[in-house]
Amino acid sequence: MTIAADTLTINGRTFHSRLLVGTGKYKDMEETRLAIEASGAEIITVAIRRTNIGQNPGEANLLDTLPPDQYTYLPNTAGCYSAEDAVRTCRLARELLDDHTLVKLEVLGDEKTLFPHVTETLEAARTLVEEGFEVMVYTNDDPIVARELEQIGCVAVMPLAAPIGSGLGIRNPYNILEIIENANVPVIVDAGVGTASDAAVAMELGCDGVLMNTAIAAAQNPVLMASAMKKAIEAGREAFLAGRMPRKRYASASSPIDGTFF
Amino acid sequence: MQIIVNGEAVEAPDNLTAAELIRHLGLENERLAMEINRQIAPRSRHDEIVIQPNDKVEIVRAIGGG
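The listed protein sequences correspond, in order, to chains H and D. Under our numbering, the first residue of the first sequence is numbered 1, with each subsequent residue one higher. Under our numbering, the first residue of the second sequence is numbered 263, with each subsequent residue one higher.
In isolation and in its complexed conformation, chain D is listed as follows (with noise of 0.2 Å):
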């Protein structure tokens, strides 16, 4: 399916979890906060929540700001 995670479009398997996406981007190290389709997707239900095609995935992370 297709999805876009930080404005660009990724292919990715169907029927993929939260959990699964940020393996599959090989982020499983960092730490992170995911929004989908502007709702924030809590890291305790990273397993649960399946993203669907054409969801708009945000994926950030602290970096030096003043």
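Bound conformation, chain H alone (with noise of 0.2 Å):
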């Protein structure tokens, strides 16, 4: 198998990268455009919010910068705390991206955290997935929640490696692990990348894909760690599809002990 023909497939729709990628917390429109153009990412997330109005009637645009029809647009629900905000945010998007229907669905249950509220996420999920979204949605590392996302209809499930903005990689790989073996649809690890090894190991378990923000934005150098990412991303995806060896409690030579002379 060659890499160019291991492609992901969200809900009928094919790319190349396997790096999602947020576009908030950069310095400005600039940096933004370079780093999501260093990290090769097709899925851009974006977050709808009031106009300004009356005010920087100049100012640099988003979809001027990262057009609509070169990117293809993961509006999601940041900041919402209940499933009628996340749907009432949903349903604008659609409106905003002339009938998109994919979204990003997370709806928030605490401030410090920023964990995902499971109830209202699987009621916004229900409803949002009814209207004939296609649901991506970001939930903990619950399997049985990941499984309920699912059957209840959403096209791909994305629980967390951490909080966001952490930047503590994958808290529980054992958990993520239970998602993948058990999930028909891709599982996209997102939230609390923080370096390359981060992603790299989330491809390694198996996850379709890895969707960050912070982990690039909020680098030293953005536009290096984005670039850093997308090789992270492949190597893991490699290292996945390579098959690894076992791990094993004791030493075993690498090279022969015939032919010694001493």
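Hint data in this document are derived by calculation from the structure and do not stem from the laboratory. Every residue, glycine too, gets a C-beta built ideally from N, C-alpha and C. You may find that some hints are simply not true.
Said to hold, decoys possible - A short, non-exhaustive set of chain H residues, derived as facing chain D with CB atoms under 10 Å:
| no. | residue |
| --- | --- |
| 1 | G22 |
| 2 | G24 |
| 3 | Y26 |
| 4 | G54 |
| 5 | N61 |
| 6 | L63 |
| 7 | Q70 |
| 8 | Y73 |
| 9 | G79 |
| 10 | S82 |
| 11 | R91 |
| 12 | L92 |
| 13 | E95 |
| 14 | L211 |
| 15 | M212 |
| 16 | T214 |
Two chains, two frames, some hints: make the complex.
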């Protein structure tokens, strides 16, 4: 199998990159553009917020910088603490982007940890799926909840590695593995990735992709980190497809004993 | 008439259509979505929809976010 053929499919949409990137927290629009380009990401998340009225008429515009016909936009429901707010946000996003139905659902439960509110998430997911949205859903690493979300009809399940913006990497790889092994839709680790090795670990576990924002935007050199992440996702994916060696308790020499002269 | 736009009280002419409101606010060149009293006001109907006094209007756009 060549890597060129190893595409990511989300509800019938095909992508070459398994790195999904957020567009928040960058210094300015130019840095956003350069980082996204360096990352090779094809799917980018955006937030839906009130328009500034009467202020900054010449302000750089996200849609001009990263055109929706060049990138697959994934509007998020960031900042929503209720199913109702999340559903409202998705409806507005759909109207904004000409009936684009792919959305990232996140319903938060706590300001300090930004952990997902599971019951509100399930409720929002049901409503959105009924209304014809293609829901990629941010969730915790509970395999039962992931299974429920898939059964509701979400097109991808996105378990967190660690709290949003924490950079702690995958806290519970065994739960993520459990989710991957039971899922019939793509599993995309979302939130908590901090550096390149975290992304590689996610892919080595068998994830279909990784979504990150702070790991790139808050790096000392975001454009360089974006490039590192691109490589890490590719390396991790190749390692997964290559099938790693088993872990062993004891050593196993790499050079033969036969022919030793001492 | 008085209406609420993005949480702020705004004075606007009576019998304004949604399209006219957008022009009144100087937003005619922006990509945006509108909600009136929690209902989506689709772009295709902006010339038909008439804003009523005390309507709560939300006008949103896409910005950077994770």
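Note to self: Name the hints, by number, that the structure is in violation of.
What the structure shows: 7 and 10
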